[in-house]
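Protein chains: 2
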Amino acid sequence: MSDHFIAPVAAAPVAEPVGAHEPPYYAVVFTSVRTEGDNGYDETAERMGELVKEIPGFLGEDAARTPGGLGITIAYFRDEAAIDEWRHHVEHQAAKKYGRAHWYERYTLHIAKVEHSHGFERARG
Amino acid sequence: MSDHFIAPVAAAPVAEPVGAHEPPYYAVVFTSVRTEGDNGYDETAERMGELVKEIPGFLGEDAARTPGGLGITIAYFRDEAAIDEWRHHVEHQAAKKYGRAHWYERYTLHIAKVEHSHGFERARG
Numbered sequence: 042m043s044d045h046f047i048a049p050v051a052a053a054p055v056a057e058p059v060g061a062h063e064p065p066y067y068a069v070v071f072t073s074v075r076t077e078g079d080n081g082y083d084e085t086a087e088r089m090g091e092l093v094k095e096i097p098g099f100l101g102e103d104a105a106r107t108p109g110g111l112g113i114t115i116a117y118f119r120d121e122a123a124i125d126e127w128r129h130h131v132e133h134q135a136a137k138k139y140g141r142a143h144w145y146e147r148y149t150l151h152i153a154k155v156e157h158s159h160g161f162e163r164a165r166g
Numbered sequence: 042m043s044d045h046f047i048a049p050v051a052a053a054p055v056a057e058p059v060g061a062h063e064p065p066y067y068a069v070v071f072t073s074v075r076t077e078g079d080n081g082y083d084e085t086a087e088r089m090g091e092l093v094k095e096i097p098g099f100l101g102e103d104a105a106r107t108p109g110g111l112g113i114t115i116a117y118f119r120d121e122a123a124i125d126e127w128r129h130h131v132e133h134q135a136a137k138k139y140g141r142a143h144w145y146e147r148y149t150l151h152i153a154k155v156e157h158s159h160g161f162e163r164a165r166g
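As given, the protein sequences belong to chains A and B, one line each in that order. The letter at position 77 of the first sequence is residue 118 when you use the working numbering, and the numbering goes up by one with no holes. The letter at position 107 of the second sequence is residue 148 when you use the working numbering, and the numbering goes up by one with no holes.
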């Protein structure tokens, strides 16, 4: 078999923080420490990431996790009505209940109204 | 030399998200993608982490970074006066200027007033 046909390796997705939107908008900050093991977390997290995009007023999501340490997810919404819609989503409610039973040692949730924001991007040479 | 004198390895610090405070308080959310290499980042980050603790009204800080991906730091403050004091701190201003020149490909800063928060901790068996 010719090595000309080696499939190209997909480039890793470039991390891109959610940009500054025009205030006011809302940030839902979720900081957590996970239990050991996956326990179905990755699959559900991916599903939730898709579902939340369907909420009108959803502006984007940032996520980071230090290996063995803290995880932070921040979802941005245009207004409180959008947050409420996501909070009451049946599948999301089930995931939260399952998460408290299986995935999280501890977490804190902060719901905050963004009053100022700005972004920076390095100039390309 | 006796192996009885091998120094104990320090236990890794247990990650602990900042807890829910009584609203209102403020969250300063900083999401970033770093340039390649350290370029003095770790040393300055540690110094800033010490300095911010001296700001009256500083409530705590959460940080996470996905290797090769997004970093998120959230500093919590009691009020806007505390944020202003930290923003105008001379050493912090110098670090921000250096960071834009050397450490960051891009970042977004969101300053948000926390209106609701709550925490969860797994019951110990």
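Note that these hints are calculated values from the structure, not bench results. Heads up, a few of these hints could be off.
The list cannot tell twin chains apart, which means a pair is met if one copy fits it or any two copies do.
Straight-line distance between alpha carbons at most 25 Å, and here's what the computed SDA-like set of lysine to any residue pairs gives [to be verified]:
(1) Lys138 <-> Arg163
(2) Lys138 <-> Ala61
(3) Lys94 <-> Ala164
(4) Lys154 <-> Ala164
(5) Lys138 <-> Glu162
(6) Lys137 <-> Glu162
Results for each hint:
1. When the C-alpha separation of Lys138 and Arg163 is checked against a cutoff of 25 Å, the pair qualifies only between copies, where the shortest distance is 12 Å, while the shortest distance within a copy is 41 Å.
2. For the homomeric pair Lys138 and Ala61, the shortest alpha-carbon distance between copies (19 Å) is at most 25 Å, but the shortest distance inside one copy (32 Å) is not.
3. For a Cα distance limit of 25 Å, the shortest separation of Lys94 from Ala164 qualifies neither inside one copy, at 30 Å, nor across copies, at 33 Å.
4. Proximity of Lys154 and Ala164 under a CA criterion of 25 Å is satisfied in neither setting, with 30 Å inside one chain copy and 31 Å between copies.
5. Taking identical chains as interchangeable, the C-alpha atoms of Lys138 and Glu162 lie at most 25 Å apart only when they sit on different chains, with a minimum of 13 Å there against 39 Å within one chain.
6. Taking the shortest alpha-carbon separations for Lys137 and Glu162, only the inter-copy value of 14 Å comes in at or below 25 Å, while the best intra-copy value is 35 Å.
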